[in-house]
Amino acid sequence: MDQGINRRGFLKLSAAGSAVLATGSGLALLTGCSSNDGPATGYKHFRQQDVDLLTPLVGAVLGSALSDAGATAEDGMKAFDDLLDGGMPGTRGALFQVLDLMQLGAARWYITGSWASFADQSDDELQQTLANWSASERSLSRMAFKGLTQPIYMAWYVKPTGARTTGYPGPPQKIVA
Amino acid sequence: MQDLTTLTINVKDPWKDPANGWDVLDGRTITDNRTLEADVIIVGTGAGGGVSAEILSQRGLKVILVEAGKLKSSDDFKLDEGAAYRDLYQEGALRATKDAGMTVLQGRTVGGTTVVNWTSCFRTPHETLQYWHDEFGVQGLSRAQMDPWFQQMETRLKVEKWAMPPNANNDVMKRGCDNKGWHSALIPRNVSGCWNIGYCGMGCPTNAKQSMLVTTIPGALDHGSTLIHSAQADTLIIEGDSVTGVRVRPLNDDKVPTGATVTLKAKTVIAAGGGIQSPALLMRSEAPDPNGLVGKRTFLHPTSFAFGIYDKEIAPYYGAPQSVYSDEFTFKHGVDGPAGYKMEMMPMHPGLSGALMGGFGERARDEIERLPNLAASIAMIRDGFHDDNQGGTVELRDNGEPLLDYPVNEYLLDGTKRAHLTMLEMQFAAGAKEVRPSHADAGYYKSWKAARDGVAQLDYAPVITGLGSAHVMGGLTMGADESRCTVNSDGSYKHLNGLYVIDGSVFPTSIGANPQLSIYGLSARNASALADKLKA
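Heads up: the protein sequence lines correspond to chains A and B, in order. Residues 2 to 178 (this note's numbering) make up the first sequence, in order. Residues 29 to 564 (this note's numbering) make up the second sequence, in order.
Only chain B is shown next, with the shape it has when bound in the complex (with noise of 0.2 Å):
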């Protein structure tokens, strides 16, 4: 049996190295109205935000990153499920769609979601780009003229495809689909010398992984930038029809505010929260948006699972959570037919795999203590390529919290049984003894011929089909449509001076892929134009 308990982990921590000089404020510290002026100011430190400040800084320009989460560092990483929820994750991991159908998955911290995935790095298919430029208008975005952008970034975050063994969850996905005759592939992963212990979601405790709290942010840290944590970005400040600040809320302990408003100065704004969190500000501040489309068009790549038992023990919670996936029905109806969707498998942690179980009572009882010898694959619908499927909208709770509205409609449920049935027979194709899908009605089937039948019997509704996703895409639409979009393709809002939008909350629809390199790759080329423009 598969037992890593013993194992020691002693490294480093570079945030806690005070040689550093690193000028890091915390917002928990605050209690006092206070000014700040910068060149530019960046809300949020995710993938959009931390290569943008670096690239930016080094180019000269003072930036103050204003984070909402916490700062934590390897030292803060001790691999507790629980901790990494409540402390790394937007709504303590509780967040999901305004339905219950399903959940989302996105990072709050400093580095964001980059602190939490599972390290999977993927060009933007070639597929989306031109769906892109043909849909809405995206100009200078081909896979040719993106390629050096997605080469420079897998440079920086050194990307490679993961050269040990799978795990032995992964190893189903390859065996599944080498049986089926089905494409299979390794994960380019952005880790460097990866311990291969399966932690990355709760993040790194090696600071193996790239994201961006090891790499762009201490570089622009390194560079004269300011970071602001624990501090709520709340509302943009407007003069005329240009953007001239942001105004922030200083958080306690608890995410409460402490009362105080730093007021940050500049000519330049970033909006870099991430899906959901740049439509919100967006929308708190009242920004001008003639055509009602900011938050709208907010796509996830709606997920599905498949849990498999098999003889030997599979160990889902140990080695490099994400290693080989397959494409085979990625484009398989084409770029805007049916549903496609990328298979991958995930790790199983007894949280999460509790909560995606489901169930009640000695069922769900004895599901989980199979956990040793379960393999889980899931299924990534790439969604917003079919007129009938506009996302999800964001909305604003009474307090300015956002909410996402996606309905569950026909087009995923469809999509959803087929990656079922897919996933039920790369399973059992891989060897797999016992198969279950993620529908509330599925019990366990033993053959392939029983899930084909079963899963024709069952009634594919929202809540009761198991969804969720961890990408959050679109919401503030980039393109040269205007009755389309509100951001241009160089990431500049339509509708204020001043005001960017550099993060994966431009993408138009979602990328059908996980999404990391397509918000490097897209950040690196227009903060790099930003910069230029900036300095000239």
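Next comes chain A alone, as it looks inside the complex (with noise of 0.2 Å):
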């Protein structure tokens, strides 16, 4: 084994990593990125700076199938805000904790590896961000791309204009007397 790589990534680890993770929520809280500014407006959770953070994000994971179905990137961070309907406040509080964490920049390079606001990357730079932080061997990483892209797909595709795009005809018609 290369013991010059691990000792560089150990000090990459501690120099800012560990720094981030350890103070990350606290320095949210400092610059104003704390959870108590209330849901944006037409939403009914997500607040203001997480669909500025978010909303290009989940139109690089979605790709096509927002396209395919006539809709936009909007309209799939929206379904992501109906789905956290469903969530208790500790499930909501938990998502929040790691956007809070991701407003900075230092946690964005630690969790995805680009220090550059998803708003300011070009769709192929989302796309190699995408495929740079789905490849991460951090913990940290790997439960963020998984609690946020998970929940992404699972909003879109329980939409009737999503589950359409996917070859489901969709469900038989329910009459009520």
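These are computed hints drawn from the structure, not numbers from a lab. Incorrect hints may have been included.
To be verified - No more than 16 Å apart at the CA atoms, straight line, and that leaves these computed lysine to aspartate or glutamate pairs for EDC-like:
| id | chain 1 | residue 1 | chain 2 | residue 2 |
| --- | --- | --- | --- | --- |
| 1 | A | Lys45 | B | Asp282 |
| 2 | B | Lys283 | A | Asp83 |
| 3 | B | Lys126 | B | Glu429 |
| 4 | B | Lys126 | B | Asp426 |
| 5 | B | Lys90 | B | Glu65 |
| 6 | A | Lys175 | B | Asp41 |
| 7 | B | Lys283 | B | Asp250 |
| 8 | B | Lys98 | A | Asp86 |
| 9 | B | Lys44 | B | Asp103 |
| 10 | B | Lys283 | A | Asp86 |
| 11 | A | Lys175 | B | Glu438 |
| 12 | A | Lys175 | B | Asp103 |
| 13 | B | Lys295 | B | Asp103 |
| 14 | A | Lys45 | B | Asp262 |
What you are looking at is a predicted structure, and each value in this text was computed from that prediction instead of being measured.
These two chains come separately, so use the hints to put the complex back together.
Now the structure itself:
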């Protein structure tokens, strides 16, 4: 095994990563990216900073799943917001903690491999970020990737408009007398 | 192409019949403090609570059932995946273990998980019951002693082997196992007049599924029970060394407390919230737990997946979701050797499919666009039968909500790798053109040889190894061994008078099969014994 790579990896982790992990949530609070601003206009749960952060990511994750349905990244983001309706306050709180952390460039770098905000990345750059992020061996990166992409998919494909683009014809009709 | 969208379903909803005379309180409308009394309070209305309520009320005992979820019945079951997750599942189907390693599908509605399960009914394996006896000192629950109780519940819930041809998804299991010379058999299901449409997981729209919602809960209400739904059991009322009631917080439509408190008083309280919820109730209540065992040994069946693509249409979203299983590998290495797993198929509706397939961008899109030709097999690992495997631990968030910490360790990862290989081999034997195991780094393999070589290269680590479970068991371990158990074999809690636990949380290990019939049978046994005791 290459000790140099291991050592470099360790130095990277200790210099930036663990500092972010230890103080990320606190920093997020100090920088005003905390969770008490209330939902954004048109949303029931996501706050404005979540909408700004995540909408480009939702667009990149879902890709042509949206365009094939004539939908936009914002529609995907609203579907995610609807999905959160079913969650408990604690479920949403855990998600908001990750999102607060990802407001910070250092945390985005640690988690996704890229400092730049998703909104400042081109479509190709976002796909590359997702590729790097999904290949990361850091457990926090893996948790965040799964914790965000899994509900994004569920949220979009439970919508009849999203579901129909998979080849699923749809359910029988329920008639209530 | 199969297309059921022109089929219309128009059935009567027994809950909407005013002539039923049932005493049902909706927590959403309760804004004043009030106190109610009964002989027995049952917290939870799933497999354990429903069965207990019917048996106790038939014996003339006044029962109050408390349910945190809402009352939803067949008129509400519109076969809409999103609405089902929001209304019928714990945390809106967003529940996962603490490190996101496993997704957890568990019911939260009147009738509990029985309203959304896929109707598979298996008696508890002999090996599992014997292990409980040998390792935990569980008494009176040998298979011979339990069989009459299973028989009773199979009759009550119309459990029979599925008589119609399996859907194309389940036929993959039959064909694959036949071609390999492996065991497979038809699954017994708790349905009556099933329409074979495939929406068991969204609440049965035809009332064919014999869930607690249409069987034992109506039975209990017919015998004078009271149901309070949309009401969270917050804490047990403990006086000295006895439980004397339950403090309940009614919840509004958004699951937020209305601010009122309903105080329920009774000499007997049954915790029947199921795994995760029942231990959490005791933890919030600071119930005596001298050995620190409450919430420990909570088990899932850590379940991996394999997605196969076929030349012909599979339509994995239509038809009875589970009708063929294989026990070829369940006890292959004995009861307590390397992980064994039971194989079944799972229904694939678009939302769940997207969540489980994962990935991102165009590759994920290409995968889900092949949904009509996709078959999905699952392998459920028996957990808790090995010294290395203590399962998960229930924790409380700051606001009292439960959270399951469940490390995915090497034992489970080794079992998952073998389960992946088995499922890949089975699906290729069934004629799959391409198969992918549930691993973030795996693509579709085009032959069994390529799959075997590919899996050998994968890094089996938590989170990137795709795992989930729809079965939550344990957390309030039953048995005679005080150093490992909190509940006696009759369901009584060891450290408080008047408290019983009658649900899947008493199981000392996972079951090794879909657990509903195990819960029904044990609940029938222990509720009947409790009725004898209370009526003596």
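Going through the hints against the structure:
For the proposed pair A:Lys45 and B:Asp282, the alpha carbon gap of about 11 Å is at most 16 Å, so the pair holds. Between B:Lys283 and A:Asp83, the direct Cα distance comes to roughly 15 Å. Compliance with the 16 Å bound is thereby established for this hinted pair. About 13 Å separates the Cα atoms of B:Lys126 and B:Glu429, which keeps this hinted pair within 16 Å; it holds. Distance hint between B:Lys126 and B:Asp426 is fulfilled; the C-alpha atoms sit about 14 Å from each other, no more than 16 Å.
Restraint check for B:Lys90 and B:Glu65: satisfied, since their Cα atoms lie roughly 9 Å apart, inside the 16 Å limit. Distance restraint check for A:Lys175 and B:Asp41: the Cα-Cα separation of roughly 12 Å lies within the 16 Å cut-off, and the hinted pair is therefore satisfied. Distance check on the hinted pair: B:Lys283 and B:Asp250 sit about 28 Å apart at the alpha-carbon level, beyond 16 Å; violated. Between B:Lys98 and A:Asp86 the CA atoms are separated by roughly 14 Å; this keeps the pair inside 16 Å, and the hint holds.
For a cut-off of 16 Å, the pair hint linking B:Lys44 to B:Asp103 stands: about 8 Å separates their Cα positions. Of the pairs offered as hints, the one joining B:Lys283 and A:Asp86 holds, with about 10 Å between alpha carbons and a cut-off of 16 Å not exceeded. At roughly 46 Å between alpha-carbon atoms, A:Lys175 and B:Glu438 are farther apart than 16 Å, so this suggested pair is violated. Of the supplied pair hints, the one linking A:Lys175 and B:Asp103 holds, its CA atoms being roughly 8 Å apart against a limit of 16 Å.
A C-alpha spacing of about 37 Å is found between B:Lys295 and B:Asp103, which places the hinted pair above 16 Å, so the restraint is violated. Taken as a hint, the A:Lys45 and B:Asp262 pair is broken in the structure, with Cα atoms around 26 Å apart against an allowance of 16 Å.
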